[in-house]
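J.: Chain by chain, the residues run as shown.
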Amino acid sequence: MKIQTAMLGEVDVQEQDVVTFEPAMYGLDEYRRFTLLRPDETLPFAYLQSVEEAGVCLLVADPFVFRADYAFDLSEADLADLKQPAAEDLVIWVTVTAPDTLETATMNLLAPIVIHTKQQVARQIVLHEAPYATKTPLFPPKEG
Amino acid sequence: MLVLKRKIGESLIIGDNIEVTILDKEGDTIKLGIRAPRTVRVYRQEIFEEIKKANQGALQTPSLQQLQNMMKREEK
Chain A
29 MKIQTAMLGE
39 VDVQEQDVVT
49 FEPAMYGLDE
59 YRRFTLLRPD
69 ETLPFAYLQS
79 VEEAGVCLLV
89 ADPFVFRADY
99 AFDLSEADLA
109 DLKQPAAEDL
119 VIWVTVTAPD
129 TLETATMNLL
139 APIVIHTKQQ
149 VARQIVLHEA
159 PYATKTPLFP
169 PKEG
Chain B
3 MLVLKRKIGE
13 SLIIGDNIEV
23 TILDKEGDTI
33 KLGIRAPRTV
43 RVYRQEIFEE
53 IKKANQGALQ
63 TPSLQQLQNM
73 MKREEK
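Sequence order for the protein chains is A and B. Quick note, my numbering runs 28 ahead of the 1-based positions in the first sequence. Quick note, my numbering runs 2 ahead of the 1-based positions in the second sequence.
No wet-lab data here; the hints were simulated from the structure. Computed from a predicted structure; not experimentally measured. Careful: at least some of the hints might be erroneous.
Pairs of lysine-lysine residues, derived as PhoX-like cross-links and limited to a Cα-Cα distance of at most 25 Å, are as follows [as the list claims (entries may be wrong)]:
id	chain 1	residue 1	chain 2	residue 2
1	A	111	A	146
2	B	7	B	27
3	A	30	A	163
4	B	7	A	163
5	B	9	B	33
6	A	163	B	74
7	A	163	B	9
8	B	7	B	33
9	B	27	B	9
Bound-form chain A, shown alone (with noise of 0.2 Å):
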């Protein structure tokens, strides 16, 4: 099907691609299906587009590129909303807020984006217990 995006125009999605949160990310309830692009697979980066409005889209980023010791568990109840999902059909993904430039850009490593893949089902999960912030800088500062 094609699709308006926020970023690239018309965009042809395949139906196997659009995943569904339930529930819906916190703030965004009224737009439950989304599909990744990744125009340059060679960056960190996607769009989570919404299929079914042009203008909501959020980036995302793989968090293991700038933090390779991220780590969380997934509690039962986690695990059973996302249909039990094998480890190596899971995508992880946090949001990202660039607010001025990007250099000062931060991600949500408390509240990540889990995805099954193959169920095509996603949550937002909030780790309580895990020492991560909504705003965690992409690029700590330099030393010196």
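On the provided structure of chain A, position chain B as indicated by the hints.
T.: Chain B alone, transformed into the frame defined by chain A:
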């Protein structure tokens, strides 16, 4: 807003199946125990707001060109 007084060890029931128990009090901090079905999401209010704000922030998406330039600069 409904205002109730509770003692340590006492509970509230919200709806049919959410139970909030006052477990302890230390200074101005109260420790709560919450029993709810797992479909009910319970968060600290400020975390909920922070996540909403971060999601809203992510809606201001830079262009592909800007992302490419940024990564080039960082590699230097």
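J.: Against the earlier hints, flag every one the structure doesn't satisfy and list their numbers going up.
T.: Hints 3, 4, 7 contradicted; others consistent.
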